[in-house]
Amino acid sequence: MTQSFSLIKENYIPSLNITLQEFVHEKTKAKHIHLACDDTNNVFFVGFLTVPEDSTGVAHILEHTALCGSEKYPVRDPFFMMIRRSLNTFMNAFTASDWTAYPFASQNKKDFYNLLNIYLDAAFFPKLDYLDFRQEGHRLEFEEMTNPESPLTYKGVVFNEMKGAMSSIGSVLYHEITKHLFPTITYHNNSGGEPSDIPNLTHEALVAFHKKHYHPSNSVFITYGNMDPADHQAVFEERALNRFDHQDFDFSVPDEKRFTAPIRYEGVYPLPKEEPLENQSHVINAWLLNPITDAKELMRARILEGVLLDNSSSPLQKVLETTDLGAAPSMFCGLEDGTREAFFACGLEGASSDKVDAIDALITKTLEDVKANGVPQEDIEAVLHQLELSSREITGDRYPYGLRLIVDCLTPVLHGGEALDVLSFDDTLKQMREEIQDPQFIPNLIDRLLLSNPHKLTLTLNPSHTLADELVEKENARLRELETSLTADEKQKIIDDAVALQERQARVDDASILPMVEREDIPKTLEFPEVSYEGNKVYAKPTTNGMTYQSLVVELPALTEEEMTLLPYLDALITEVGCGENDYLTQQAKAARVTGGIGARTMYQPRKNSDSVKGLWVISGKALLDNHKALAEILKETFFTARFDETKRIQEILAQIKLSREQAIVGNGHAYAMAVASQNIAPINQLSQRLSGMQSIKDFRALEASVKDEAACLAFGEKLAALLVKLQQSPFEVVTLNDSDNVKSIADQFGETLAQEIAAEFTPFEIPFEFSGEKVKLGWAINAPVHYCAKSYKTVTQDHKDAPVFNVLAAFLRNGYLHRAIREQGGAYGGGASYNSNSGAFNFFSYRDPRLEETLKDFDASIDWLLETEHEALALEEAILGVISAIDKPKTPASEYGDVYFMKHFDRTPDEVLSYRANVLNVTIDDLKRVAREYFSDRDTHTAVLGPIASLEKTGLEIKQL
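In our numbering, each residue's number is its place in the sequence shown (first place is 1) plus 17.
Since the hints were made in silico from the structure, they are not lab data. Warning: the hint list may mix true and false statements.
[Claimed, not checked] The calculated BS3-like cross-link candidates involving lysine-lysine, where the alpha carbons are at most 30 angstroms apart (straight line), are: (1) Lys46 - Lys172; (2) Lys48 - Lys89; (3) Lys382 - Lys725; (4) Lys508 - Lys874; (5) Lys977 - Lys946; (6) Lys631 - Lys761; (7) Lys172 - Lys874; (8) Lys665 - Lys388.
Produce the entire structure from the sequences given, and follow the hints as far as they go.
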């Protein structure tokens with residue numbers, strides 16, 4: 018605590034081993050919440066309640082523009098410049114439906130305070146330059162920049178980002194639900210921005226929105242980690258808060274005016290012309306519930322969600338999965354608590370538009386049946402068990418664990434709730450255990466929250482073959498209208514602004530005004546945890562908050578090509594079917610009572626100094642420590658007795674997976690594009706493309722259609738069962754990770770549970786098909802108005818002395834050329850380069866990109882820039898820092914131990930990692946140019962693009978369609 022802040026609350030949370038401290042800034046009344054713990058990965062987060070009144074994307078574009086230069090750091094791009102001058106473990110900014118936040122994380126104290134200075138200045142004192150607004154938000158330009166007779170076009174990073182985002186059916190569904198469930202308040206609007214509305218936003222409105230919302234009195238600071246909050250507060254005060262006074266803001270989101278009767282809305286979404294229109298509708302019911310600031314009421318809603326939808330044996334989930342009225346449960350089934358008032362949704366996708374009444378009746382009847390008959394007490398207990406488990410689990414491989422905790426409590430805090438109620442719900446859990454003893458607990462909840470709740474929306478989205486073209490034509494018509502109405506002076510202004518922006522983007526800023534970590538700030542070495550081995554039993558003791566993680570790891574045997582292609586289906590289905598005498602419903606309910614879930618996956622890595630590939634098949638689960646024996650039994654039953662004769666169940670799960678994989682393409686298009694481009698670089702890439710790439714999605718569609726025939730599905734199940742028998746006869750290890758003092762004993766018991774005779778002879782896996790190194794020139798047509806471009810070069814793998822050079826080169830090209838050319842000038846949401854040390858593929862990529870051919874040329878131009886330019890040593894230092902930061906990035910304790918274990922399996926050692934890391938530090942600019950000359954001489958290399966078919970048809974690429 019400092020003189021400017023007062024401590025008002027302090028509570029220890031035993032289940033998380035965290036002390037929650039709440040402070041208030043005396044002058045501005047800004048709130049500071051600190052989550053004190055031993056974690057060295059410290060997190061900073063400042064959030065503002067931002068409530069847009071339209072769908073111009075003002076909050077989203079402000080989030081981008083605020084990071085383009087500030088009062089103390091008036092360079093053009095301090096955010097991205099700091100990414101490469103830092104040892105951060107996370108840097109980003111978020112725009113939600115009613116808040117905007119700026120988080121970062123770092124393990125290095127100097128780096129943390131460097132970033133804190135940048136973030137505070139960006140949030141409270143941004144420049145909000147007119148040209149940056151045009152770059153990040155939207156702008157008009159002539160297709161030929163200085164030719165006023167050429168056609169007008171819209172450009173802008175957020176404009177193109179939201180074009181890509183709103184081509185995802187998930188985004189469309191969410192915004193249609195909130196638009197109609199909240200007709201009078203801020204959630205009616207699209208805070209990210211509707212592409213058709215974004216051009217209506219003015220620079221003046223952006224500046225006014227910042228002035229109105231980005232004030233300390235409308236903010237909350239949240240920090241996490243082992244640093245002293247008083248040190249944080251001193252910087253808050255010195256760098257920002259001392260310049261403000263308290264203001265009585267009232268941005269509180271009011272209650273939505275309640276419906277007196279349910280409503281219906283029917284809309285459309287774009288579907289490619291190649292796809293049939295039949296049975297492609299989405300039908301969703303959604304109910305508005307209570308404010309999320311009431312922790313106990315929110316917990317009741319979560320219990321109801323779990324009882325109805327937790328697993329395939331749950332009554333509503335079972336009905337949605339098994340009905341013939343749709344192909345699969347909607348992706349929007351469950352409780353949404355990211356709005357001030359929560360809502361519950363459920364429904365179907367792959368439905369017929371004339372079945373809306375039947376679907377609504379089916380859902381209503383299911384709820385009425387549960388109300389009338391209740392549910393078994395053990396099922397309600399299982400849901401509480403799942404809630405306790407999820408609250409304890411240390412996650413954070415994608416985001417820092419501290420950031421997850423912060424985001425969990427942010428929305429309630431901004432709306433007047435208590436962080437303590439969110440993070441420490443032991444008392445709430447205790448009360449719920451008492452409440453669920455009432456046999457009417459679930460029936461009463463169903464009646465109050467759903468059946469007798471008139472604030473209900475039935476949303477139907479029907480497919481349209483013409484909508485995408487209509488949206489393009491509407492945009493073009495708007496541009497043509499503008500063209501005819503512009504005066505000569507207005508046309509010249511567009512040209513002048515475009516030239517000014519181009520000049521600004523080309524300008525080299527003085528980066529020396531930004532803080533930077535240096536070589537001496539980089540940790541000298543990395544620590545690797547110890548893992549113990551005893552026969553085929555492996556165990557370790559990471560911090561797991563009273564949870565246990567247990568895995569069965571099977572060495573993959575020699576397989577036929579057909580068996581190899583069956584592995585992804587085995588991974589997906591083995592935990593979804595019955596076991597032994599239990600059907601899938603019984604098995605799902607049994608697992609839910611004692612585990613936090615189980616899953617299977619197949620892993621591949623090249624063998625050292627070889628193109629051959631080693632494979633592992635892993636089935637793993639997690640549970641509270643007290644349930645370690647039950648978890649081991651579930652894993653045993655699944656591995657040894659999974660049954661693949663439940664044909665209807667297999668058909669249902671495959672239909673669900675097909676839809677989810679297709680829907681995931683738009684959000685991961687750059688990864689798919691790189692996988693396509695690099696598929697013929699190395700055998701492991703070709704294997705990956707066949708099992709998890711675009712080709713695998715196409716193959717999945719064909720198989721899913723074929724097994725709709727009962728006999729074909731039985732035959733398919735028999736093949737899976739035979740494949741599982743092969744795995745059962747292969748060498749395996751059992752892995753136990755938990756923080757019990759008895760971890761070795763638990764590992765021994767796990768090993769005894771899974772004791773099994775293996776085949777006397779074992780032939781390890783080799784890729785069962787001939788590798789093709791043919792040059793890739795492919796375009797995959799997808800349902801999106803933007804592109805994902807990729808080029809790939811064959812280089813060296815991780816054991817070669819030049820591997821660290823390519824790792825640094827990817828960062829160097831991204832920092833120095835590709836970010837500016839593809840994002841700032843080209844308007845794509847992202848772009849860069851990456852190096853895959855397993856396969857030796859060096860990839861260029863773009864993400865949500867309005868351009869195609871120009872981006873492919875930019876990839877080539879970046880190599881020319883590298884070779885023809887005299888580069889400063891600082892640029893190299895920044896690239897090296899980025900690589901070291903990625904290598905040193907912490908994971909969850911369980912994952913760090915798991916990584917060490919799998920490293921050994923694939924013949925890697927900690928010493929090799931340390932050697933690689935040391936060699937990264939020794940890379941020179943001459944090294945970068947040398948490898949570029951040696952490996953990038955043939956610019957006509959492997960190329961792939963995902964995008965709309967109309968664009969692909971102009972490229973000369975071979976076109977494939979799903």
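Item to check | Hints not upheld, ascending by number | outcome: Failing hints, ascending: 1 and 5.
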